[in-house]
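There are 2 protein chains.
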Amino acid sequence: MFETSFLPEVRGRWNRLQQKLQSEGADGLWISSNVNIYYLSGRVFSGYIYLPAEGDACFFVRRPVGLAGDRVFYIRKPEDVPALLAGIGVTMPRVLMLESDSISYGEYQRYAKVFANSEVRNGSVLLRATRAVKTDYELSQLRASGERHAEVYRTIPALYRPGMTDLELSVEIERASRLRGSLGIFRIAGQSMEIFAGSVLAGDNADAPSPYDFAMGGGGLDRSLPVGCDGTLLSSGMSVMVDMGGNFTGYMTDMTRVFSVGHLSDEAYRAHEVALAMQREMTAMVRPGVAAAELYNLCLDMAKSAGLGEYFMGHRQQAGFVGHGVGIEINEAPVLAPRSKDILSEGMVFAFEPKFVIPGTGAVGIENTFAVTSDGVEKLTLCDESILPLGV
Amino acid sequence: MFETSFLPEVRGRWNRLQQKLQSEGADGLWISSNVNIYYLSGRVFSGYIYLPAEGDACFFVRRPVGLAGDRVFYIRKPEDVPALLAGIGVTMPRVLMLESDSISYGEYQRYAKVFANSEVRNGSVLLRATRAVKTDYELSQLRASGERHAEVYRTIPALYRPGMTDLELSVEIERASRLRGSLGIFRIAGQSMEIFAGSVLAGDNADAPSPYDFAMGGGGLDRSLPVGCDGTLLSSGMSVMVDMGGNFTGYMTDMTRVFSVGHLSDEAYRAHEVALAMQREMTAMVRPGVAAAELYNLCLDMAKSAGLGEYFMGHRQQAGFVGHGVGIEINEAPVLAPRSKDILSEGMVFAFEPKFVIPGTGAVGIENTFAVTSDGVEKLTLCDESILPLGV
Chain G
51 MFETSFLPEV RGRWNRLQQK LQSEGADGLW ISSNVNIYYL SGRVFSGYIY LPAEGDACFF
111 VRRPVGLAGD RVFYIRKPED VPALLAGIGV TMPRVLMLES DSISYGEYQR YAKVFANSEV
171 RNGSVLLRAT RAVKTDYELS QLRASGERHA EVYRTIPALY RPGMTDLELS VEIERASRLR
231 GSLGIFRIAG QSMEIFAGSV LAGDNADAPS PYDFAMGGGG LDRSLPVGCD GTLLSSGMSV
291 MVDMGGNFTG YMTDMTRVFS VGHLSDEAYR AHEVALAMQR EMTAMVRPGV AAAELYNLCL
351 DMAKSAGLGE YFMGHRQQAG FVGHGVGIEI NEAPVLAPRS KDILSEGMVF AFEPKFVIPG
411 TGAVGIENTF AVTSDGVEKL TLCDESILPL GV
Chain H
51 MFETSFLPEV RGRWNRLQQK LQSEGADGLW ISSNVNIYYL SGRVFSGYIY LPAEGDACFF
111 VRRPVGLAGD RVFYIRKPED VPALLAGIGV TMPRVLMLES DSISYGEYQR YAKVFANSEV
171 RNGSVLLRAT RAVKTDYELS QLRASGERHA EVYRTIPALY RPGMTDLELS VEIERASRLR
231 GSLGIFRIAG QSMEIFAGSV LAGDNADAPS PYDFAMGGGG LDRSLPVGCD GTLLSSGMSV
291 MVDMGGNFTG YMTDMTRVFS VGHLSDEAYR AHEVALAMQR EMTAMVRPGV AAAELYNLCL
351 DMAKSAGLGE YFMGHRQQAG FVGHGVGIEI NEAPVLAPRS KDILSEGMVF AFEPKFVIPG
411 TGAVGIENTF AVTSDGVEKL TLCDESILPL GV
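These protein sequence lines map, in sequence, to chains G and H. Oh and the first sequence: position 168 is 218 in the working numbering, straight run, nothing missing. Oh and the second sequence: position 67 is 117 in the working numbering, straight run, nothing missing.
A few of these clues could be false.
No copy labels: a pair is met if it fits in one copy or bridges any two.
[Stated by the list, open to error] DSS-like, lysine-lysine: derived pairs with alpha carbons at most 30 Å apart:
(1) 163 x 429
(2) 163 x 354
(3) 354 x 127
(4) 354 x 70
(5) 127 x 429
(6) 391 x 70
(7) 163 x 70
(8) 391 x 127
(9) 354 x 391
(10) 391 x 429
(11) 163 x 391
(12) 354 x 429
Treat the hints as calculated values from the structure; they're not laboratory data.
If we strip away everything but chain G, and leave its shape as in the complex, we get:
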């Protein structure tokens, strides 16, 4: 299942969950989603993990063939599990937690039947809270992702050729990422958000409203995926906002940089400076115990003070947040939004993305991924933050 050297790492994750299970009076947690299987075992497999409130996790595998280790059992279906648990002396839970917010109603019903004598409760909140605080190992994965992410971004000005469309530039960035080992995949919790690889927004396409809950929109190439680049020809006076995925390790960093074709409007440069000022203020303010909502409010106040409120986080349609947790998925806790109840703690990792859409120019602003330290933040995505001219 995993190398022996990895056992302390996953056991640490189990223990943190187990403390929460115990404090909520639950006896076990049943995991079936790929992201949480990865979190609790260090790899994706088809099957299930049962984590009792005390003791080691049990792994029930359908595929791939060839996994071995303590408490690893091959099964055909979840209904095989109770007999296997009994066989190793693990008692069935009186109170069982399921991933209620991420598994389908059909799956939930099936597992509830497998654990027919258990009272079933929602374990999604507890999983989300646990995953929000990264371990040292997870931080190292995020740092590694951030480094390669930044490497790719440094090549962007040289990828530009006059006459390119936003799609063509996006494709060259996608290629550069993949050649540096990007896994490509963009994991998003929930079903409502979809995107491929990331987005490149040029000029007024940045102001095209999208159905998705990303910070920025874009019309997209097709009504089946209305987000991101739309085929705009990159032309003088346009800002080009690049917000492409940095998923090099199973842990994603999030990062945005803005480029220009020729010179942009003064308003665009000014708004960009305001976004950078927001980042400085946020950096000065963050420490364990700070409310995520405060960071949003800080930015909104600064946007309004600068007379840029109507362009903050979009113009025709405005996003209601300025940052979000990242990790295995792109939309983890904490959420930096006005009604967020999240409180920052050491080990949390979040993307901070104050952005503006300036009509006639496009999107400007910044996004970096930060880890909360014992007394501040560590920036994981280090790369020039000014508006760089393309092709120079």
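Once you've looked at the hints, dock chain H against the given chain G.
Relative to the frame of chain G, chain H by itself:
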């Protein structure tokens, strides 16, 4: 919401669903997933569709701003819906169908509360059956996707450079696809399967078992996404199986071709011919009324007769199907598997992918997307089917 000219198309889809709702005694269907919102409106939006068993669909939109049309309402939350339905004289359903197999338990509970006086039933089966039979418009989208998919594949031999890895070749194919307008995204029903862009399998990596329920595996680049290319250096005597997504229109075609570095083993060429023979036999057999399971059994028998049973659909790990429906998602009905109950009917579209893994050489075989016609099949992915040498 959509152009008036598109109304007959979506109304046709509503009508087919409404007939099924009526025959099952249901009064309405509540849709919240992106794929079914796209199916029933022709575009993705954030919100919901209520389809009564009679009359036009109602659209409840959260985002994007700016949609308009008959029965289009902007809402903040699903709890706003009952009052809006009452306002236009639509009665609340006695029996309501939900997407039980695709929405989360949490969502299901929320909608069940919104329709508190309705009996709630599983509408997923009915949606899957309806979407399995494509309309003429959907077939035109699939044909367009297939044409561009084939165009990309024709460029593959020239994309090869000696010394490339499987990842590097994959990246060049991804680039060629995107430059021809591929949306990139790979929609898969359910949560258990994940892939980025598709897979390139070189040599023995084709025999690395994967957790996912794809026809072939591959070790992948990372334990967080163990499928597809693994960094293998493309070397003489290896087969290179390319199975990349063809999602150019919101409707995906599925297509596999095999290439060689130098010359392959005789066994590999022989197995490839058996796969092509399977395709010929399948083509001769398909017509409305044929059981999907028969097509699987046909192939399994042919594989055994050829003495290739142990290599059919994998070797260390074998997939239990030889084809699957495609459309908005890559795993629609019908399923060509031994226990499938699906019966082919006119308008169904499926990928047929008889493949073999030959140890020491790699994967061989074929995959094309076919539409069931009134008396046979139409192939949607037309491109040379022999094993083509790379770099020639």
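Checked hints:
1. 163 x 429: neither (46 Å within a copy, 43 Å between copies)
2. 163 x 354: neither (54 Å within a copy, 39 Å between copies)
3. 354 x 127: between (56 Å within a copy, 28 Å between copies)
4. 354 x 70: Neither way: residue 354 and residue 70 sit 41 Å apart in one copy and 53 Å across, limit 30 Å.
5. 127 x 429: Classified as neither: same-chain Cα gap 44 Å, cross-chain 36 Å, threshold 30 Å.
6. 391 x 70: Within one copy, since 18 Å is at most 30 Å while 44 Å is not.
7. 163 x 70: Close inside one copy (24 Å) and across copies (29 Å); limit 30 Å.
8. 391 x 127: Between copies only: 20 Å across chains, 39 Å inside a chain, cut-off 30 Å.
9. 354 x 391: within (23 Å within a copy, 61 Å between copies)
10. 391 x 429: This pair counts as within: shortest intra-copy Cα distance 23 Å, inter-copy 54 Å.
11. 163 x 391: between (34 Å within a copy, 25 Å between copies)
12. 354 x 429: within (26 Å within a copy, 58 Å between copies)
In terms of the numbered hints stated before, the structure departs from hints 1, 2, 4, 5, listed from lowest to highest.
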